[in-house]
Amino acid sequence: MLVSQYDIPSHKITVVNNAMPAASFSHTLHHARPFSEKIVSFVSRITYQKNPENFLYAEKRILEKDPHFRFVMAGNGELRDKMIQKAAMLGISAKVHFPGFVDLPHLLHLFSLTDVYVMPSVSEPFGISPLEAIKAGYSFAAIRCTGGTKICLKGGLVECR
Numbered sequence: 001m002l003v004s005q006y007d008i009p010s011h012k013i014t015v016v017n018n019a020m021p022a023a024s025f026s027h028t029l030h031h032a033r034p035f036s037e038k039i040v041s042f043v044s045r046i047t048y049q050k051n052p053e054n055f056l057y058a059e060k061r062i063l064e065k066d067p068h069f070r071f072v073m074a075g076n077g078e079l080r081d082k083m084i085q086k087a088a089m090l091g092i093s094a095k096v097h098f099p100g101f102v103d104l105p106h107l108l109h110l111f112s113l114t115d116v117y118v119m120p121s122v123s124e125p126f127g128i129s130p131l132e133a134i135k136a137g138y139s140f141a142a143i144r145c146t147g148g149t150k151i152c153l154k155g156g157l158v159e160c161r
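Counting from 1, position 127 in the sequence shown corresponds to residue 127 in my numbering; the numbering is continuous, with no gaps.
Just so you know, the hints here were simulated from the structure itself, not pulled from any lab data.
Incorrect hints may have been included.
Simulated crosslink set (DSSO-like; lysine-lysine; CA at most 30 Å straight-line) [unchecked claim]:
#	residue 1	residue 2
1	K60	K95
2	K86	K38
3	K86	K65
4	K38	K82
5	K65	K38
6	K60	K38
7	K95	K82
Okay, the calculated beta carbon distance ranges per label pair [said to hold, decoys possible]:
#	residue 1	residue 2	range
8	P34	N54	20 to 28 Å
9	L2	P67	48 to 56 Å
10	P9	L90	37 to 45 Å
Just so you know, even glycine gets a beta-carbon here, dropped at the ideal spot from N, CA and C.
Work out the full structure: start from the sequences and follow the hints.
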């Protein structure tokens with residue numbers, strides 16, 4: 001497209017992949033589960049755009065209906081400490097884990113334990129972490145206003161409303 005529509009010489013174009021290569025997931029092992037509950041993960045910067053507070057409210061509602069869930073909010077950001085406090089205020093801190101930033105080996109380990117990956121972002125033109133979750137073979141849920149939803153739903157994935 002760059003060559004045909006914009007007349008850019010092909011020798012000047014270098015493709016830089018914006019997500020982990022699929023090969024990263026070829027050795028993803030399913031580890032022994034540390035908990036018997038289902039695990040729901042959110043991996044992202046913990047910022048306003050990523051909507052972590054709504055994730056916590058959803059966790060509370062889920063736990064009120066079924067206590068057999070655990071939640072992971074992995075990542076750093078200006079709202080991380082506030083979300084830890086909010087989880088305590090909501091009375092769900094025993095079921096929510098905040099490991100901070102996770103590097104590739106730990107991300108692969110987390111995905112191997114994850115039953116559902118959630119992306120509650122209020123604005124996400126195209127998220128990388130959902131692609132990583134999908135590559136790892138896990139269910140994916142996103143709120144309607146995220147850009148990734150339009151793409152992921154075509155693959156038959158789940159939409160939360």
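Hints and how they fare:
Proximity of K60 to K95 is assessed by CA-CA distance (about 10 Å); at most 30 Å being required, the pair is judged to hold. Pair hint K86 plus K38 holds up; C-alpha atoms about 22 Å apart against a cutoff of 30 Å. Only pairs whose Cα atoms come within 30 Å are accepted, and K86 paired with K65 is accepted, the gap being roughly 20 Å. The straight-line distance between the Cα atoms of K38 and K82 is roughly 25 Å, inside the 30 Å bound, and the hint therefore holds.
Between the alpha carbons of K65 and K38 the distance comes to roughly 14 Å, so the proposed pair stays at or under 30 Å and holds. At roughly 15 Å between alpha-carbon atoms, K60 and K38 fall within 30 Å of each other, so this suggested pair holds. In summary, the hint linking K95 to K82 is supported, as the alpha carbons are separated by about 16 Å, within the 30 Å threshold. Distance hint check for P34 and N54: the Cβ-Cβ separation is about 26 Å, which falls inside the suggested range of 20 to 28 Å.
Between L2 and P67 the CB atoms are about 52 Å apart, so this pair conforms to the stated range of 48 to 56 Å. Distance hint check for P9 and L90: the Cβ-Cβ separation is about 56 Å, which falls outside the suggested range of 37 to 45 Å.
Violated hint: 10 only; the structure is consistent with all others.
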